[in-house]
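There are 2 protein chains.
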Amino acid sequence: AGNPQAGEEKSAACRACHGANGKATAAVYPDLAGQKEGYLLQALLAYKNGGRSGGQAEVMKAFVAGLSDEDMANLAAYYASLKP
Amino acid sequence: AGNPQAGEEKSAACRACHGANGKATAAVYPDLAGQKEGYLLQALLAYKNGGRSGGQAEVMKAFVAGLSDEDMANLAAYYASLKP
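Top to bottom, those sequences are chains Z and W. Sequential numbering of the first sequence, starting at 68, is according to this note's numbering. Sequential numbering of the second sequence, starting at 68, is according to this note's numbering.
For reference, chain Z alone in the conformation it holds in the complex:
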């Protein structure tokens, strides 16, 4: 599993849409707080390898392009650790 503290440090860019507490800023973006860690990581990896489309996939691909696998594991752990 990832490291939530390290994930928090990487989450600045996510907050515009996913909120400072993992509750999305608009109804068309998903809440991430308390979501399943495995699902979050799977989604990030799918955006990175082009295996996920739909919604804001193009925006997400730009954000994950600069993230390492470890960053993504830490981000998944961070958002899963937040209270839904």
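Just so you know, these hints were derived from the structure itself, not from any lab. Mixed in with the good hints, there may be bad ones.
For chains that are exact copies, the list does not tell them apart, and a pair is met inside one copy or across any two.
As a list, the in silico BS3-like pairs of lysine-lysine whose alpha-carbon atoms are at most 25 Å apart [unchecked claim]:
{"hint": "1", "residue 1": "K90", "residue 2": "K150"}
{"hint": "2", "residue 1": "K115", "residue 2": "K103"}
{"hint": "3", "residue 1": "K103", "residue 2": "K150"}
{"hint": "4", "residue 1": "K103", "residue 2": "K77"}
{"hint": "5", "residue 1": "K128", "residue 2": "K103"}
{"hint": "6", "residue 1": "K128", "residue 2": "K77"}
{"hint": "7", "residue 1": "K150", "residue 2": "K77"}
{"hint": "8", "residue 1": "K103", "residue 2": "K90"}
{"hint": "9", "residue 1": "K115", "residue 2": "K77"}
{"hint": "10", "residue 1": "K128", "residue 2": "K115"}
Since the structure of chain Z is provided, determine the placement of chain W on it from the hints.
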């Protein structure tokens, strides 16, 4: 917005993966309880029109094939209404 009661009546098929209370039965399926209604509806519509891939998209496409737009609106309202 959709009708949560009507959505609950349509949710039997969803429970195997998304749980009886909207908390997924495995870490690779997303929790739906308390998720944004707009996001849920957008995801269902995207599965229906083929605009979303990744994860269990093929399975989801099979499930939504039999749903009307009203069913999908009601399901989105139902899951959004559950406590996360």
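Verification of the supplied hints:
In this homomeric assembly, K90 and K150 come within 25 Å of each other (Cα to Cα) both inside a single copy, at 10 Å, and across copies, at 14 Å. Proximity of K115 and K103 under a CA criterion of 25 Å is satisfied in both settings, with 19 Å inside one chain copy and 24 Å between copies. Both within a single protomer and between protomers do K103 and K150 lie at most 25 Å apart by alpha-carbon distance, with minima of 12 Å and 15 Å respectively. In this homomeric assembly, K103 and K77 come within 25 Å of each other (Cα to Cα) both inside a single copy, at 19 Å, and across copies, at 24 Å.
In this assembly of identical chains, K128 and K103 lie within 25 Å of each other by CA distance both inside one copy and across copies; the values are 20 Å within and 22 Å between. Only within a single protomer do K128 and K77 lie at most 25 Å apart by alpha-carbon distance; the minimum there is 16 Å, versus 33 Å between protomers. Proximity of K150 and K77 under a CA criterion of 25 Å is satisfied intra-copy only: 18 Å inside one chain copy versus 28 Å between copies. For a Cα distance limit of 25 Å, the shortest separation of K103 from K90 qualifies both inside one copy, at 14 Å, and across copies, at 9 Å.
In this assembly of identical chains, K115 and K77 lie within 25 Å of each other by CA distance solely inside one copy; the values are 16 Å within and 34 Å between copies. Taking identical chains as interchangeable, the C-alpha atoms of K128 and K115 lie at most 25 Å apart whether they share a chain (6 Å) or sit on different chains (22 Å).
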